[in-house]
Structures are given as structure tokens and as C-alpha cells.
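Protein chains: 2
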Amino acid sequence: MGTNNIHAEMEAMGRKALDASRSLARLTAKGRDNALSAMASAIEKARDAIAEANAKDVAAARKAGLKESMVDRLTLTPARFKAMVAGVRDVAALPDPLRRTSRPVVRPSGIRIVRQPVPIGVIAIIFESRPNVTADAAALCVKSGNAVILRGGKEAFATNSAIAAAMADGLASAGLPPDAVQLVRTTDHAAVNELVALEGLVDLVIPRGGESLIRAVVEHARVPVLKHYNGICHIFVDESADAKAALRIIGNAKCQRPSACNAVETVLVHSAIAKAFIPRLGKECAKWGVEVFADEKALAIGKGCGFKAASEESWRREYLGLAMSLAVVDGVEAAIDHINRYGSHHSDAILTRDENAAALFTRDVDSAAVYVNASTRFTDGGEFGFGCEMGISTDKIHARGPVGIKELTSYKYVVKGQDSIR
Amino acid sequence: MGTNNIHAEMEAMGRKALDASRSLARLTAKGRDNALSAMASAIEKARDAIAEANAKDVAAARKAGLKESMVDRLTLTPARFKAMVAGVRDVAALPDPLRRTSRPVVRPSGIRIVRQPVPIGVIAIIFESRPNVTADAAALCVKSGNAVILRGGKEAFATNSAIAAAMADGLASAGLPPDAVQLVRTTDHAAVNELVALEGLVDLVIPRGGESLIRAVVEHARVPVLKHYNGICHIFVDESADAKAALRIIGNAKCQRPSACNAVETVLVHSAIAKAFIPRLGKECAKWGVEVFADEKALAIGKGCGFKAASEESWRREYLGLAMSLAVVDGVEAAIDHINRYGSHHSDAILTRDENAAALFTRDVDSAAVYVNASTRFTDGGEFGFGCEMGISTDKIHARGPVGIKELTSYKYVVKGQDSIR
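Going line by line, the protein sequences match chains A and B.
Read in order, the letters of the first sequence correspond to residues 0 to 421 in numbering that gives the first Met the number 0.
Read in order, the letters of the second sequence correspond to residues 0 to 421 in numbering that gives the first Met the number 0.
A few of these clues could be false.
If you want the footprint, here are the derived chain B segments under chain A, 3+ residues with CB under 8 Å [what the hints assert, rightly or not]: (1) 105-111; (2) 218-228; (3) 240-248; (4) 357-363; (5) 374-387; (6) 394-407.
EDC-like cross-link-like pairs, simulated, lysine to aspartate or glutamate; straight-line CA separation at most 20 Å [to be verified]: (7) B:K15 to A:D363; (8) B:K415 to A:D379; (9) B:K29 to A:D363; (10) A:K415 to B:D363; (11) B:K415 to A:D353; (12) B:K274 to B:E238; (13) B:K15 to A:D336; (14) A:K243 to A:E354; (15) A:K415 to B:D353; (16) B:K55 to B:E43; (17) A:K153 to A:D71; (18) B:K415 to A:D363; (19) A:K29 to B:D363; (20) B:K415 to A:E354; (21) B:K415 to A:E238; (22) A:K243 to B:D418; (23) B:K415 to A:E382; (24) A:K307 to A:E290; (25) A:K15 to A:E193; (26) A:K15 to B:D363; (27) A:K415 to B:E382; (28) A:K415 to B:E354; (29) B:K243 to A:D418; (30) B:K415 to A:D241; (31) A:K415 to B:D379; (32) A:K415 to B:E238; (33) A:K15 to B:D336; (34) B:K282 to B:D241; (35) A:K405 to A:E382.
Derived by calculation from the structure, the hints in this document are not laboratory data.
C-beta: ideal position from N, C-alpha, C; glycine also.
Next comes chain A alone, as it looks inside the complex (with noise of 0.2 Å):
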């Protein structure tokens, strides 16, 4: 397809996703917890087609070449495709995000002005392998009441292109229009510079992927982007931290799933008691099979514990595997001051019994979440209470940390007058 048959084919999309808005936007509660009913059932029923689709990715991944753990990703097992079928009849299950009208505010001017929760319109999603993520994101963009343009990973173009056909046979089963739910039907990248800068057409694009995917729709949209950076979160083990907790919480934080952006990557530990703390923490290291990269003072603290020895890029540094970044600091303040500079505002949290040291980090640590005596692991749609999230988002504009369906909403004023004027 030709640069200017993709732009017609984006602004064509765009528009049936506009008119398609307006009607989803009209549907009450239990219209969109149906149209998700029928979305569940409608994959369900198309098992054998998905699964035969699935099954050519995976043989063209694997006949690319593509890694291991790649082809992991794409493949949809028997398991996978049951929890993603669940996953949609749990959102229709979540509370409405539409429903919490605020309490009306009469002005002196007479007029009667009520702040009310309204879907959001249209929102693209860009996102990388797993096909799960079609049926995902859909889901919760139909209970927030959203249009939604999918674009997925070209290795599970035809997982997706199944999944996204299933959706639209469900909405029209419910009768609504099949345009809700879209996939870009084009795996050229093109299409994602042309569907970032549909202004007026969508409203929000929400990149889900790696850094360099972010970067590249940042530098195309000409809409709002919800920027879901991945994490360089830090643990500050303080000097009044209890260091058998300490062991277990960076334990949790940095093994539990290393791959998640909410995992640890730099632990910092207060100079007054890294002698006694970091040759505890190289032991356990050793037995978690993690990798420390650590500066100068750590480094020689925990000589024999087979520290490499840090550089200044392992402070940026999201390993996203067994590994992890060590420095020794001088107290809380200079932790806080480690964190804003190197960090990503994703979840930082300090280890203490001292609570003005609590009091310190909490205020001044500019992060989406900031704990204290708890693992980095918690930043997480489902253990906040959303009930599911599209992504954690880094930007402190619109929504900070877990997006939920909540956050893909947006707000009219309703203002009633008694023939009011100025």
C-alpha cells in the first residue's frame, strides 16, 4: 500500500471509530456490559479459527528465527485463550466507570453545574506481541465506553486479525456497530504515523511497548499520548530498616517476575549500615542468581560477593531480568536525590522504621507510586483495586501510575440555567 492509500485507509478508520464513539457513547451500563458478553462469547465461538491462526504466527516466527522467548509471547495456548475469554466477561463484571455524577454546584449567577463522567472517544493502541492484548485492550476501552483502533505486533498479525474479527461478529451480535473495535489492517509502519496524527478523529493514543516504540509515536502524534515508560524503580534501604525484612522485600521486588516494569532495578543503601547490610544482600544475590552491578563503596564492602563493578549507565539501567544496580548513599535525602535524577517516576520505595525518614521520601520522591516497608511489585491495576489495567502510566498529565478504566474516561460540565445570561 502506498504512503497515500494508508493515510485514506487511517482517516477512513478513524471516522467509522468517531461515528462508532457516538453510538457506544449513547449505550447504557448494561448495553456495554453486553456488547462485552457478546465480545466473550463471539472469541469463544471462534476458538478454532484464532487457534489456527495463532498456530501460522507462531510457525512464521519461528521459521524467522525469532527468539524463543518471543515465540512464548505470541503463543496462544489453550490456557491462555480461556483466561483471555475470562478477562473480558471480568471487565463487564467491574464497576461503571460512567457512573459518579458530581453533586451539583448552584452559582450565584443561578445557573446549576454538574461535572459528569463521559467516555474518553477514541483511542488507538499500539502495542508489540502478545495477541491477548487485542481482546484486553478492547475490553476495557468498550466498558469505559471508548471506540478503540488496535494496532498489534506484525508476528501476530493473523492471532489478532481473529481475535479483532470475533469482536466485531460480537458487536454486531448485540447489535452495535462492529466499528468499536478496529485493527489496523496493515502491518506497515506507515499506518502508525498516520494514526497518531488523526487530530480531531482520536483522542488518545496509548502506546504499550518498549521504549524505542514510545519514543516513535511521541515524535509523530499530533494527539495526546498516555506514555507508559518502562520502570527503573529503586528500593532505599534505610538506616533504621529492619535487614531480614529488607532481604525479602527486594527479594519479592526484584525476582518475583523480573520482566515487570515494577520490578527493583537499583537498591540503595544508607551508609551507616552498608557493612552489616550489603555482604547479607551479596548472599542472598548468590542464591537468587542475581547479578549486582555495584558502585565504588559497595563494591568494596562486599568484596568476594562477585559484584561487577557499576558505570554510570547502570543508574539508568531497566534490566528487566536477574539483575540489579547497588549504590551506597549518605541518608534519605541523598537517596530521594538518586532517585529523581536516574529514575523513571514509575514506584520507589524506602525500607524504614523511622517515619520522618517515611515522611521525607514520600513528600519528595516524584514518582507515580512511593512506598514505604512494601515491595515495588504492588504498582498494579489489580492489587490497587481497579480491577484490571490498560498499563502504568509514567506521565503525570490525565492519569499517574495504574490506568484503569476510570482513567480512560474524560468529563463534560452539564450546566442548566433558568434563561441565564451574563
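Starting from the known structure of chain A, arrange chain B on it as the hints suggest.
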């Protein structure tokens, strides 16, 4: 200054602003209010220097042949100067936008989550001619704990510089970093492009000005932009409207301040009452001195009213003056379609005695403020009870409608565990 120098200078400003924002974020509400008082007093003290600078700008503008209306906007009369100082003090007197911490939620895992309002960080404001925006915008940012980088119109450069210098003096006298309020020190347009690309230093850009300014900012932005596109606002006169009230409301919405973004630009009339209403409206418009661009039906009905023929482009026209577009529509649905299609999603009103029509209109019109029996002119921070405003957002992300000090805040989650792990 070469482009490289401008890049370096903007980056340096961004870094200073980021540092200052950390200090501001640590202040109590009282500390921020003291800063505002000090800024107001310093502006007052610099009255002569500011007046002198303004005289220079005004003389240069006259010499350059600027329109008298532009020269007027530029002129800081003694009354406007007084209002500017009072404005800063009024902002200080507003309630603290950072005070409302959410009720804690305790999750099954034992973690206790609080959502706490925090400043956004560093806000860049790009505006056009009126120099009082310099003080106004700075005050709103400081009140909400944000550092601000101001970039004003080049015609007001001397005036803005004098006001900004006074505010920095005020901040310093209150023991605060003067870099919390900085003015871009070059009129080179390249500075704007650099400023809006400062990812990691600038958290939000707010362009205040005409559409071309906003488009240019969006094109170069790499950080989020809160857009304040001007208003193509509508009034729909329904079948059941009270004609006398309708004429009064239209007159107010069009004539009370025609240059405002919430002034009405297009009036839609229900076909069932068009024959009775349009000639009366025509007569009033003639009295008000309002030029009318009418569609075929309205033109035929309003023969003798001196209407001109509307073209397709009339429906997207923001007159910002004593002119308006006029069309006959077949009912509330047709009115809604017209508004959603041609409007700018700013402020739109229905005049009706029919509750069903009002309900349909307020549900389906996709605008920041939707009115029943009131003038669109009420969309304003002051009228809404926000105390003041940075502008009116036509975006659906982050803030919609009037942007007050609350809309200049973000939030963070503060999570306390009991050595909690996942």
C-alpha cells in the same frame, strides 16, 4: 543566537525550572501563598520600571504599524496594572489545590493506599500579546506548586521582562528560588520549538493564543500539550423555546463580549418555529449590528433581514466579532449532528422547555460544557467557581473546559505496607 545556543539555553532554563519545582513542591500552602504576596508586592514596587518598559513596547508597536486593537491589548494602563497586582493577590487567597488527599484504601494484601495531589512540576506557557498574562499565569502555577517557563509575544517583550524580573525579585525576597518563574529571554521562534521538546524537564505545555500558535506547538511538542483551541459555540433554539428569552440569550452570547472564545458563532433554529422566530432574530441582529450568514432555508425565511448566504466554510467559522452563522435544522438530533460535526467541542446550548430534548442534547453533544437555557458565555473559571483560570481546554485528556489551579495538579499514590510482598 544560533539554534545550538538556543537549544542549550532552553535546556538550561528547563533544568533550573526543574530544580525550582522541587523546592516549590516542598512548600506548605502558606509558603506558596507568601511567595505570591511577595510577587504581588514586588510587581507593585516595580511599577515605574514596568510602565517605562510598556511605553517602549507600545511605541515600537505603533512604529511598526500594528492595528490599534493590538496596541490596545498591549497597553498596561494604570487600571490594568492595578488589576494585575490584585489578580496575583486573589490567586493567593484561593483554597489550596493540593490539600485534598483521598481516603485511604486498605487492600487484601495489607497495603494502605492514599492518592495525594501533587504539582505537575514544570509548566511552559506560550502566549501572545497581553502582558498581564505574565503575572496571571505565573501566579496560577506558583499557587499549585509548579515552576513556570513563560514565553510571551514579542511585541510585549520589554513589558514581560520587567514583570518577570519583578516576580523573580519577589520570590527571592521570600527566600524562594527565583527560577520558579522564568521568562524566555529571546524572541526567536526557534526557542518555542526547543522548549516544547524538553522531555524530562518540562511536564506540560499550555499554548494560549490563536489556532496557528497552537498548531505550531503541537507539531513540535514532545511533551504533553493542553490545547485551548478557540470556540465555535452553538445555540440551538428548539421548537418549545421561549422566543423572547431565546433572543435575550443569543444577544448575550453574541454581543456581551464577541471576542471571547465562549461567544456564540452559530445559531441553529428548529424548522417548526423557524418562520416565526427567524424574522424576529433578524430584526434583533440588525439592532445589535450583527451580520448574519444564513443557510438557504433561513435566507428564504429571513428575506428582507439583510442576511448573507452562508457557505460550507461558515459552519467552521469563528467570527470573534459581530457576525454569526444561522441554519434551520429539523430537530434536536439534527442540531446535535451539526454541532458534533462542525463545532470545536467547547460550549453549546439548547434553549427549550422540553426536558426530553434537553436530556438528549446534554447526553449527545460532545463538548466541554453543554448548556440548557443559559448563555454559552458562562464557560469561564470565575463563573464556574474556580476563582480564576488558565484558559478553556478543548482537549478531553487531563482537563476539559475551564482550567483552574486544581487542573494544574497531578497526583501520586503513597502506599504503606507492613513489610509487604507480593
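A quick look at each hint next to the structure:
no.	hint	in the structure
1	105-111	holds (count 3)
2	218-228	holds (count 5)
3	240-248	holds (count 4)
4	357-363	holds (count 4)
5	374-387	holds (count 7)
6	394-407	holds (count 6)
7	B:K15 to A:D363	holds (17 Å)
8	B:K415 to A:D379	holds (15 Å)
9	B:K29 to A:D363	holds (18 Å)
10	A:K415 to B:D363	holds (15 Å)
11	B:K415 to A:D353	holds (13 Å)
12	B:K274 to B:E238	holds (11 Å)
13	B:K15 to A:D336	holds (15 Å)
14	A:K243 to A:E354	holds (19 Å)
15	A:K415 to B:D353	holds (13 Å)
16	B:K55 to B:E43	holds (19 Å)
17	A:K153 to A:D71	holds (15 Å)
18	B:K415 to A:D363	holds (15 Å)
19	A:K29 to B:D363	holds (18 Å)
20	B:K415 to A:E354	holds (11 Å)
21	B:K415 to A:E238	holds (18 Å)
22	A:K243 to B:D418	holds (10 Å)
23	B:K415 to A:E382	holds (13 Å)
24	A:K307 to A:E290	holds (8 Å)
25	A:K15 to A:E193	holds (15 Å)
26	A:K15 to B:D363	holds (17 Å)
27	A:K415 to B:E382	holds (13 Å)
28	A:K415 to B:E354	holds (11 Å)
29	B:K243 to A:D418	holds (10 Å)
30	B:K415 to A:D241	holds (15 Å)
31	A:K415 to B:D379	holds (15 Å)
32	A:K415 to B:E238	holds (18 Å)
33	A:K15 to B:D336	holds (15 Å)
34	B:K282 to B:D241	holds (17 Å)
35	A:K405 to A:E382	holds (15 Å)
Violation of the numbered hints given earlier is absent; every hint is satisfied by the structure.
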